[in-house]
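Use the sequences and the hints to build the structure in full.
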Amino acid sequence: MTSDAAARTGRSARSEDARTAGPARGDRRWTRRSVVLLLVGAGVGLVTVFPLVYMVLSAFKTAGDIYGTSLLPPTWTLENFRYVFTEVPFARYMLNSLVVSAVVTVAALLFHSMAAYALARLRFPGREAVFLVIFSTLLVSLPVVLIPSFVVVRSLGMIDSYAGLIVPPIFSAFGIFLLRQFYLSLPAELEEAALVDGAGYWRIYWSVVLPLSRPILAALAVFFFLANWNSFVWPLTITADPGLRVVQVGISTFQQQYASSQNYIVAASTVAALPTMLLFFFFQKQITESIKTSGLK
Amino acid sequence: MTTLTSRARTGGDEPAARGRRRSVSPASRARQRRETRAAVLFLLPDSLGLLVFVFVPMVLAIALGFFSLDGFGNLRFIGVANYVRMVGDPQFLQSAVVTVTYLVVLVPAVFVVSLLLALLVQQKAPFMGAIRSALFAPYVVSLVVVGLLWQFMLADRVGILNRMLATVGVRDVSWLGDPQYTLGTVVVISIWFQMGYYMIIFLAGLQDIPGEYYEAARIDGANAWQRFRSITWPLLRPTALFVLITLTIAVITGGFDLIYILTGGGPAGSTSLLVYFVYEQAFLFGEYGYAAAVGSVLVLVLLLWSALMFKLTRGGRLDDE
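Residue numbers (this note's numbering), protein chains in the order written: chain P, 786 to 1082; chain C, 306 to 626.
Bear in mind the hints are in silico, worked out from the structure with no lab data behind them. These numbers were taken from a predicted model, which means no experiment stands behind them. By construction, the Cβ of each residue, glycine as well, lies at the ideal position given by its N, Cα and C atoms. Take these hints with a grain of salt, some might be off.
To be verified - Not everything, but these chain C residues come out facing chain P in the computed CB check (under 10 Å):
no., residue
1, L425
2, F588
3, L603
Shown next as structure tokens:
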């Protein structure tokens, strides 16, 4: 691909550039230019994260202080969290979300990598046609086909069940598409060696291809988990049973029940956002990498 | 054996290999059968799932629009009645206008903001990595949390924004209650939420531009604006096109969570995006057939947009040549 070549030359040019230009272009030079950039960046960055910081801090405020003007809680309290976990089955919501997101992520990675491997590496009649059909569903997203999806899932008897929460979100062309691109770029030598050794296709996939795809699978895993933890329309539409509530639906019903108790809503929101913030903190590189690869090429 | 397998493994079609006498030998035919069988098994789970949960709904999206369907599953063919009703339904028309306004404002806004942010965080300066993280952070939080959080901050009178504005003498504004402001409020929140994501994509595009071009331009005495105009912008074209395509689709199909939490489409229908209108018709009023018909319009718009983009980019090729 031409863009690949361009990227490569770009990269080598950059490293050369850095070498020849020497310390004058170093990262941490406090020139007047870099101070101005830092001030602008810090200003924009602080304004951007302010709402999130404000949410977390407000979760520790008492009901009386919740709308107060001070950023830090005048008196710190854990009462909001205690209430959220004892008066509401919030732990159950979290567990439901965890189970759904984890199962969807694992199943999606397995199925998508299998399909992608076949599309990228195996030769069979109709391969291009299969890929085209899968590709054509890439743009279809749930909100647009919400009603027909609901009708299909209802006719399969999956309304108000874990199956309904878990099975439909597994399938999307996006993961297949990305993994196929990745497998097309893998060198063929290792698979050949395995084939010569008499390994079947499943063995090659399982013990050669999967280990090679660890980085992209890790990136996609974080991405899928986040997306499913944060998903709202689908669980809202197909579940009514409070025992099946996932955390996003849970906090949205919270809003209706405790509209006057803002301190509980803020605490619940903070708890719901905490896992995603932690994932972001620890896997930031994987998240941004998966966005970059999804971008182009 | 090795030559045969390596040919199979290269991925691309090689008619030369097929045409040769060797490829019709019984051994090779058996191997080809084995490979095809493996491929079918590998593709089976995803193909079945995509068929049932994506492809069938996609087709149904169009078909259901010609039926009257209530919450109990009573189906009756009514022809184009749903579409006739749509044209005369002021709520639908308002929703369409709201959606187009939202689209026309939000897409360019996110585009420009995220490009500017990418140009900023691409610079070499202390703490740029941390600043980049801060700008991306809102994107990892769910839209439900985002909605609840902003509702809290934008509350009439007591919310922190109105309190801060009061200190500089601005009178109380009902950001989510006054139809004059609601759509603007939703747009600003959407920009805040999405800009980090597209910033990362722009950043990837910027990093692919060879640094020596800038060096050469600098030596020629080009100023920052000239460098942007003659190097960055033209070379960023594939990325910009990609952002434009995906952003437009994301905006048309997105926004539901935020609207559901923040405004419920109101006040006075001022934030009733079509995706929300569809949900409301189906799950609040039980008008599944009508909702599906409205949904099919969205599907059609998406297909047209994709086809147009496909044509403009000559088959998904984002770069020139």
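Okay, the hints, checked on the actual structure:
no., hint, verdict
1, L425, "holds, 6 Å"
2, F588, "holds, 7 Å"
3, L603, "holds, 5 Å"
Hint violations for this structure: none, all hints satisfied.
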